[in-house]
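Just so you know, the protein sequences line up as chains A and B, in that order. For the first sequence, position 195 (counting from the first letter as 1) is numbered 195 according to UniProt numbering, and the numbering increases by one without interruption. For the second sequence, position 72 (counting from the first letter as 1) is numbered 72 according to UniProt numbering, and the numbering increases by one without interruption.
Just so you know, these hints were derived from the structure itself, not from any lab. Ideal Cβ placement from N, Cα and C applies to all residues, glycine included. Heads up, a few of these hints could be off.
Pulled from the structure, derived: some chain A residues nowhere near chain B, Cβ distances all over 12 Å [unchecked claim]:
{"#": "1", "residue": "Asp28"}
{"#": "2", "residue": "Ser41"}
{"#": "3", "residue": "Asp53"}
{"#": "4", "residue": "Asp108"}
{"#": "5", "residue": "Gly117"}
{"#": "6", "residue": "Gly169"}
{"#": "7", "residue": "Pro185"}
{"#": "8", "residue": "Asp211"}
{"#": "9", "residue": "Trp327"}
Derived lysine to any residue pairs resembling SDA-like cross-links, with alpha carbons at most 25 Å apart [claimed, not checked]:
{"#": "10", "chain 1": "A", "residue 1": "Lys247", "chain 2": "B", "residue 2": "Pro381"}
{"#": "11", "chain 1": "B", "residue 1": "Lys289", "chain 2": "A", "residue 2": "Gln236"}
{"#": "12", "chain 1": "A", "residue 1": "Lys336", "chain 2": "A", "residue 2": "Arg16"}
{"#": "13", "chain 1": "A", "residue 1": "Lys247", "chain 2": "B", "residue 2": "Glu364"}
{"#": "14", "chain 1": "A", "residue 1": "Lys339", "chain 2": "B", "residue 2": "Asp275"}
{"#": "15", "chain 1": "B", "residue 1": "Lys338", "chain 2": "B", "residue 2": "Arg268"}
{"#": "16", "chain 1": "B", "residue 1": "Lys385", "chain 2": "A", "residue 2": "Arg254"}
{"#": "17", "chain 1": "A", "residue 1": "Lys247", "chain 2": "B", "residue 2": "Val374"}
Now the in silico label distances, taken between C-beta atoms and shown as ranges [what the hints assert, rightly or not]:
{"#": "18", "chain 1": "B", "residue 1": "Gln6", "chain 2": "A", "residue 2": "Gly169", "range": "54 to 64 Å"}
{"#": "19", "chain 1": "A", "residue 1": "Gly202", "chain 2": "B", "residue 2": "Leu260", "range": "49 to 59 Å"}
{"#": "20", "chain 1": "A", "residue 1": "Ala133", "chain 2": "B", "residue 2": "Trp331", "range": "43 to 53 Å"}
{"#": "21", "chain 1": "A", "residue 1": "Ala321", "chain 2": "B", "residue 2": "Ile164", "range": "44 to 54 Å"}
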Amino acid sequence: MSDLNLLSTEIEDDLRSTVRGLLRDQCDPGAVTALYDGDRSTVDGLWKTLGVDLGLAGLLVPEHHGGAGASAREAAVVLEELGRTAAPVPFLTSAVVATTLLVHADADDLLAGLASGERTAAVVVPLSTAPDAELTTVELADGRLTGSVPSVAGALEADVLIVLTRETGRVAAYAVAAADATITPVVSLDMTRQVADVRLEGAEGTLVLADAEGAARAALDAGAALLASEQVGVAQWCLDTTVAYLKVRRQFGRVVGGFQAIKHRLADLAAGVESATAAARYAAATLAAGDGDRVVAASVAQAFCSDLAVAAAEEAIQLHAGIGMTWEHPAHLYLKRAKADQIALGTAGAHRARLAGLVGLQGAS
Amino acid sequence: MRIDQQGLRRRVEEFLAARDPATSDPQEFLRARYDAGLAWVSFPEGHGGLALPRAWQHDVDRVFDEAGAPDNKRNVNVIGLGMAAPTILAFGTEEQKRRYLRPLWTGEEIWCQLFSEPGAGSDLANVATRAVRDGDAWVVNGQKVWTSSAHNARFAILLARTDIDAPKHAGLSYFLCDMADPGVEVRPLRQITGEAEFNEVFLTDVRIADSARLGAVGQGWAVATATLNNERVAIGGKAAEREAGMIGAVARTWRERPELRTPDLHDRLLRLWVDAEVARVTGVRAGQKLAQGQPGAEAAALKLSFARIAQQLSGLELELLGHEGLRYSDWTLVRPDKVDLTGRDAGFRYLRAKGNSIEGGTSEILRNILAERVLGLPPEPRADKDIPWKELAK
Chain A
1 MSDLNLLSTE
11 IEDDLRSTVR
21 GLLRDQCDPG
31 AVTALYDGDR
41 STVDGLWKTL
51 GVDLGLAGLL
61 VPEHHGGAGA
71 SAREAAVVLE
81 ELGRTAAPVP
91 FLTSAVVATT
101 LLVHADADDL
111 LAGLASGERT
121 AAVVVPLSTA
131 PDAELTTVEL
141 ADGRLTGSVP
151 SVAGALEADV
161 LIVLTRETGR
171 VAAYAVAAAD
181 ATITPVVSLD
191 MTRQVADVRL
201 EGAEGTLVLA
211 DAEGAARAAL
221 DAGAALLASE
231 QVGVAQWCLD
241 TTVAYLKVRR
251 QFGRVVGGFQ
261 AIKHRLADLA
271 AGVESATAAA
281 RYAAATLAAG
291 DGDRVVAASV
301 AQAFCSDLAV
311 AAAEEAIQLH
321 AGIGMTWEHP
331 AHLYLKRAKA
341 DQIALGTAGA
351 HRARLAGLVG
361 LQGAS
Chain B
1 MRIDQQGLRR
11 RVEEFLAARD
21 PATSDPQEFL
31 RARYDAGLAW
41 VSFPEGHGGL
51 ALPRAWQHDV
61 DRVFDEAGAP
71 DNKRNVNVIG
81 LGMAAPTILA
91 FGTEEQKRRY
101 LRPLWTGEEI
111 WCQLFSEPGA
121 GSDLANVATR
131 AVRDGDAWVV
141 NGQKVWTSSA
151 HNARFAILLA
161 RTDIDAPKHA
171 GLSYFLCDMA
181 DPGVEVRPLR
191 QITGEAEFNE
201 VFLTDVRIAD
211 SARLGAVGQG
221 WAVATATLNN
231 ERVAIGGKAA
241 EREAGMIGAV
251 ARTWRERPEL
261 RTPDLHDRLL
271 RLWVDAEVAR
281 VTGVRAGQKL
291 AQGQPGAEAA
301 ALKLSFARIA
311 QQLSGLELEL
321 LGHEGLRYSD
331 WTLVRPDKVD
341 LTGRDAGFRY
351 LRAKGNSIEG
361 GTSEILRNIL
371 AERVLGLPPE
381 PRADKDIPWK
391 ELAK
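Construct the entire structure; sequences and hints are all you get.
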């Protein structure tokens with residue numbers, strides 16, 4: 001498990017600089033902040049550019065389904081860059097989580113639509129669902145689906161919803177047209193990944209996979225493993241931006257970044273970001289290689305990176321001080337994203353509890 | 001012609017075919033291995049190597065170990081192999097390399113390091129041990145401290161002040177000191193564990209020939225910096241296994257003793273297990289970066305994490321053990337040959353781990369290094385930098 005490459009390949013570096021350049025041009029912090037005032041006009045255009053023009057929507061779709069056939073390593077690179085800009089696109093929910101489920105189901109038509117970027121999908125579970133948690137399901141009666149699921153991420157951008165049912169203990173997955181569901185936007189802590197409540201009232205669905213529990217959990221696991229890279233991107237932005245600001249901000253006739261109390265906090269943060277990067281790359285590399293360690297690696301990455309990203313964002317606010325509390329400064333975008341990401345796909349505590357079972361360190365019985 | 005990795009493997013096998021480790025005299029075997037260039041393969045030909053990539057060393061050592069080849073005291077001569085040798089190679093004259101490197105590598109001569117002093121810890125450039133020129137020799141007087149292996153060592157790398165009128169960094173020179181000189185007195189320095197893993201070394205009119213000076217007079221700081229940088233290269237070695245080190249000891253106790261478990265300890269153990277695993281993966285990645293020639297902040301960052309995790313884990317283990325945590329194996333003064341950070345009992349581990357954030361750069365100095373060299377933040381003010389050393393407040 002140690003010979004996996006944890007550094008970027010040249011191809012990955014190229015992908016990174018392409019995505020970064022595009023986000024620099026088309027994902028302006030002002031436009032992202034406007035999401036909080038209800039202006040979502042930036043979302044569709046940005047997702048079209050990234051998903052369709054750059055082909056990222058089909059990154060994880062196998063080539064025989066019309067996708068790029070790339071691996072979790074490339075998806076991790078994209079997510080780091082999306083985290084760096086708090087970009088409001090449904091890459092994680094559609095191109096990672098929903099795509100992983102559909103690849104397990106070998107759902108040809110849907111995957112072809114996702115690969116071309118014509119369609120965007122979301123798995124209808126609360127964003128907070130950990131890979132080993134109880135799965136939220138809806139009722140199936142006479143071929144019609146009924147139920148409601150709160151705090152679903154990616155539903156607002158989706159035209160296909162993947163909902164789960166449970167019949168005699170077995171989980172099945174159905175595809176439902178978003179137009180046949182009531183999707184109510186929720187005022188969210190993180191408006192750059194706004195959640196919605198999804199309600200189905202006798203909606204028509206198409207069976208995607210009759211025995212879907214494994215596929216659903218694999219999808220959530222892939223999401224958890226790769227969310228860590230987004231968290232690394234968030235944390236790296238917070239560190240870089242704070243260091244750059246404290247090199248020019250002066251008080252008491254000195255550069256503030258020269259005070260040892262500040263230097264030591266930033267050194268600890270830099271060490272943390274370095275560690276988080278290694279944990280996230282390991283999670284992505286094991287997932288890409290189908291390595292037997294991938295589930296442990298995903299939970300280790302979530303247990304570490306989700307708290308680290310929050311710590312980085314909190315340090316960014318505190319060390320920017322007054323300016324960091326303003327609406328105008330983008331630091332708050334990262335705090336909100338980091339805090340929501342911490343809850344997404346299982347908290348750090350949920351992943352530690354899962355690890356206890358995975359590595360044989362159970363608690364008192 | 002340079003040989004490739006397969007060619008190197010062939011040479012090792014041919015060497016072993018010609019000399020059965022089971023029947024050879026260990027000392028002769030090691031000397032022959034050195035002369036064949038199979039000691040440290042990255043060293044130049046004629047000095048125990050073949051000028052090959054450092055990364056190939058691991059494979060060579062493994063094949064020799066598996067064949068039951070004699071050990072060159074790798075675990076005892078840590079300072080010699082890891083710090084003195086690369087510095088002698090970089091700064092030594094041909095004569096010095098020929099005299100010192102072979103018996104150093106074979107383990108016939110153990111080395112120690114005479115750097116730190118009571119008044120020069122983090123501020124190493126403040127060393128006060130004086131070396132005064134006397135004909136073609138130097139006469140050395142002073143006190144050194146935190147010297148591991150001094151009681152076993154034949155030679156020492158020594159940092160001493162040769163010019164008190166120069167600013168502190170400019171007045172230093174670097175020597176290779178014979179520990180058998182009658183002016184060298186080694187006293188055990190007892191630590192909070194009860195052991196004396198380190199020594200104090202008192203130098204009284206020790207005579208060192210000028211031919212045993214490494215680098216130019218006044219160049220000591222640059223040579224010492226090279227020595228200390230070699231300390232950091234060591235992390236590029238073999239990747240650690242999961243649960244290696246302190247976490248392994250605590251996890252074992254946890255698994256074997258379910259009656260000791262509590263919810264609070266469980267939460268803390270899982271947090272530290274994750275931290276230790278992330279540190280392991282960070283170490284693997286640091287090794288990969290180093291192999292690609294992109295050295296970074298990892299060594300300092302890793303040491304910071306390592307110290308914190310070891311201290312928290314060893315503290316946790318004592319609480320986990322309950323009343324057994326009130327016991328200690330042995331306070332007797334012993335002088336171990338090598339450092340075993342995870343050896344002995346939980347109480348020893350707890351006390352010894354306190355040194356992890358002090359030795360080899362305190363955590364506070366490491367944070368300064370990270371902040372200044374990696375993040376590019378302003379350096380700490382150095383009020384004494386340009387003042388003649390003799391005028392500094394002592």
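Going down the list of hints, with the structure as the test:
| no. | hint | verdict |
| --- | --- | --- |
| 1 | Asp28 | holds (27 Å) |
| 2 | Ser41 | holds (37 Å) |
| 3 | Asp53 | holds (33 Å) |
| 4 | Asp108 | holds (37 Å) |
| 5 | Gly117 | holds (33 Å) |
| 6 | Gly169 | holds (30 Å) |
| 7 | Pro185 | holds (35 Å) |
| 8 | Asp211 | holds (32 Å) |
| 9 | Trp327 | holds (28 Å) |
| 10 | Lys247/A to Pro381/B | holds (16 Å) |
| 11 | Lys289/B to Gln236/A | holds (19 Å) |
| 12 | Lys336/A to Arg16/A | holds (24 Å) |
| 13 | Lys247/A to Glu364/B | holds (20 Å) |
| 14 | Lys339/A to Asp275/B | holds (20 Å) |
| 15 | Lys338/B to Arg268/B | violated (31 Å) |
| 16 | Lys385/B to Arg254/A | holds (20 Å) |
| 17 | Lys247/A to Val374/B | holds (13 Å) |
| 18 | Gln6/B to Gly169/A: 54 to 64 Å | holds (57 Å) |
| 19 | Gly202/A to Leu260/B: 49 to 59 Å | holds (55 Å) |
| 20 | Ala133/A to Trp331/B: 43 to 53 Å | holds (51 Å) |
| 21 | Ala321/A to Ile164/B: 44 to 54 Å | holds (46 Å) |
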